[in-house]
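Given the sequences, and given the hints that come with them, work out the whole structure.
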Amino acid sequence: MSFSKIDLRRFEYLLLLIVSLVCLYWYWTPQFGRTINFSILLFKHWFPGLFSFFAGLF
Amino acid sequence: MILNIFAWIICFIFLVACTILVYSIFRTNLTTINLGAFVFLWMFNTSLFMLLMGFLGLLEPLALLVASLVGLLIVFAIPGLRKTILASKLQLQEFLALCRRQWGKLPRWLKIFSAVFFLLSAIRFAFLIWVLPPFVWDSLTYHLTNVAEWTQKGRVFLVDAPVVRVALPSNYEVLATWFTVFLHHDVFVEAAGIPAYILAFLSVFALGRRYRLSIPASWIAAMAYISTPALILVTTGTKNDPQMAALFMLIVLLLTDCIRREDVTPERNFTGQVVLLIVVVFYALGTKIYLLHMLPGFLFIGIFEAVRIRQKGFWRRLLQRISTSWREKGPGTRLGLAAILSACVLIGLFWYVRNTLLFHNPFYPFGLKFGDDVILEAVHKSFPLGFERLPENIISFRQKFGDKLYKIIPALRDTTGWGWFVYVLGIPATLWAFVRRKNLRILMLGFLITLLAFFYSTRPSPFNMRYVIWFPAIFALGFAALYDSLPKAYRLERFAFAGLFMFCLALNLLLTVNYNRITIEQFTRMLSTPVGDRDAAKLSVYVPEEYEEALDTVSNSELLGYNMFLDGLIYPLYRADYSQRIVYVPISEDDSCESVAEWMRSAGTTWLFTSETMTDDSVRSKLQGCEEAGLLTSPRRGLYVLLEN
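So the sequences go chain by chain: Z and E.
The working numbering puts the first residue of the first sequence at 1, with every later residue one more than the last.
The working numbering puts the first residue of the second sequence at 1, with every later residue one more than the last.
One should not assume that every hint holds.
[As the list claims (entries may be wrong)] With a straight-line cut-off of 20 angstroms between C-alpha atoms, the simulated EDC-like cross-links for lysine to aspartate or glutamate are: (1) K438(E) / E12(Z); (2) K488(E) / E12(Z); (3) K622(E) / D590(E).
[Stated by the list, open to error] Computed, partial: chain E to chain Z, Cβ under 8 angstroms: (4) L405; (5) K407; (6) W420; (7) L425; (8) I427; (9) P428; (10) A429; (11) L482; (12) Y490; (13) E493; (14) L507; (15) L510; (16) L511; (17) V513; (18) N514; (19) N516.
[Claimed, not checked] Here are a few chain E residues that face chain Z, going by a calculated C-beta distance under 8 angstroms: (20) D403; (21) V424; (22) L486; (23) A496; (24) I520; (25) L559.
Calculated directly from the structure, the hints in this document are not laboratory data.
In this text, a Cβ means the ideal position worked out from N, Cα and C, and glycines have one as well.
This is the structure in structure tokens:
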């Protein structure tokens, strides 16, 4: 028996993992852009100010 | 101000004392359930206290302080009650020790991730509550209009407003008033959803334990659920949907525990659990009518969980257990249970009885239809009893599925709002769990039936997924079941699933940082405005500019009349400190200019506010005509002043 019960079980979990990764790929567009959009803006907008604030402390 | 803060603290202490007393009647021998029960009972007691004080016209800091002090004196003067309060210190110590033990059972990666997640969530919540005024559409139309009127007038009453939904069941609004009445300001009103958020976490965790998931897996389920964008966004959205989600979960938890757990010891407190279940159901009924949509799901879970146990004479024995448990209670406990049952009937049915007496329709302003027959006349919209809406809603759901059509915002326009975790891990894992974990099947089907019950009756609208923000909890439990079943030897799979779990939750949190709605410029403007002046009118997410212009023109010592349609934004007119008194002027296109003036005089105002997007065009044309006729003048856009000749 090359396919033991344990191997099949492991295959089941690996298959689920692959399905999850496919779902991640499917959900990525356009959700990833929407998800990080504000954070990028925040970084661009406030980071220079924050940087000079902390730089000023030293 | 210091006195008001002192009053708030004393009132909080009094309500915690009341909660400890009531909790002692409902306490069972499972800590996971007790935790949820305690948070719920605090919400229940606070709402009840505010409602009763509101009936008496005593919703103001000094009266609440006096009532709380008198209440505390009574509690500490009666030896039995004092003993219960003092004993809670020991219970708290035991509870904290248990928490430490349970926390110790979590794997290291989960502890670190949870700590970071909770810290960032707390910072996010605190920042948004502190910086932004309320801005969600339904809140500004009717939820917060009630809160503003009750805070301003110091009593709970039916508000006279064109938005007829102010008459809907309002337990959430009563609770939210507790967050505004002491400071006479709305700076903390968004925090009214936080207790429900905590309750949702505790209930999902306890539900996981109830379905024999391990402590780490149940923790993963609870974390996954509270990261759902739809839930996070509405928690501080000043609406009652997070309350309903948390109450749904608590009802399912208590129901399944009552049926599944064979424990007849007095410590189990079976009667207490059954009464608590009834109290939660009534409280939810007084929060939102859509509890009725949830009933088929509860019935399904209750009946089929009992059938699954397959024990002969199950229902007879269940009644026997209630009866035995009731007889074991002392007279004091029985009296307490009876009093709480009466209170829950009051808080659950008051709104429906009032609407029946005033409008001959308990569900006013909603109607009820069966085919073409109108059972209850609708003023706002009608709920049909029939299958015609089911296919439309399923098609609408199919379009929203995947959150592709629109970004996830608090109103959940054209999205499910389920976020990264559900679509990446939750759905595949739940399908797996449905096949592999038989003991979860009934629960899953119960959730599905409740979802279909909503689709059966609610209006197909771009926004209707906000009624079902409890649904993603089943995906969280499904994934937890999968993770629990992964053998420790499968290190790669465990590592990969844990990594994906953390990645999805991090993205969910990142997605909600600014409600996916507020721009940098809006944040900057609010941050540059003093906290006390952060009026909802100044945050122009939905609120048109003429609101702010009107409030700049009209002094808050004057009564401001307004005219809007059925779904207009009333709340921003009150200002953040509720200092602006407003009155509805119910003019229509059929009125002459003379009768417009008469309406304004009878309302006691010389000002009339209208908005291009909130007032009917016909009314605005009429008012422009009256301005040309020299009866009114308009100093600002949409704002009219009555010229007295």
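How the hints compare with the structure:
1. K438(E) / E12(Z): holds, 17 angstroms
2. K488(E) / E12(Z): holds, 15 angstroms
3. K622(E) / D590(E): Cα-Cα ~9 angstroms, so holds.
4. L405: violated, 10 angstroms
5. K407: Holds, because the Cβ-Cβ distance from K407(E) to chain Z comes to roughly 5 angstroms (cut-off 8 angstroms).
6. W420: Since chain Z brings a Cβ to about 7 angstroms from W420(E), closer than 8 angstroms, the hint holds.
7. L425: holds, 5 angstroms
8. I427: holds, 7 angstroms
9. P428: Where the cut-off is 8 angstroms and the nearest Cβ of chain Z is about 5 angstroms from P428(E), the hint holds.
10. A429: This interface hint holds because 7 angstroms falls under the 8 angstroms limit.
11. L482: holds, 7 angstroms
12. Y490: Since chain Z brings a Cβ to about 6 angstroms from Y490(E), closer than 8 angstroms, the hint holds.
13. E493: Cβ of E493(E) sits 5 angstroms from chain Z, so the hint holds.
14. L507: Check passed: Cβ of L507(E) comes within 5 angstroms of chain Z, closer than 8 angstroms.
15. L510: Where the cut-off is 8 angstroms and the nearest Cβ of chain Z is about 5 angstroms from L510(E), the hint holds.
16. L511: holds, 4 angstroms
17. V513: holds, 6 angstroms
18. N514: With a minimum Cβ separation of about 5 angstroms from chain Z (threshold 8 angstroms), the hint on N514(E) holds.
19. N516: holds, 7 angstroms
20. D403: At 6 angstroms from the nearest chain Z Cβ, D403(E) passes the 8 angstroms test, so the hint holds.
21. V424: It holds, given that the least Cβ distance between V424(E) and chain Z is near 5 angstroms, below 8 angstroms.
22. L486: Hint on L486(E): holds, closest Cβ of chain Z at ~6 angstroms, below 8 angstroms.
23. A496: holds, 5 angstroms
24. I520: At about 5 angstroms, which falls below the 8 angstroms cut-off, the nearest Cβ of chain Z leaves the hint on I520(E) intact, so it holds.
25. L559: With Cβ-Cβ at 40 angstroms, over 8 angstroms, it is violated.
When held up to the earlier numbered hints, the structure conflicts with 4 and 25 and fits the remainder.
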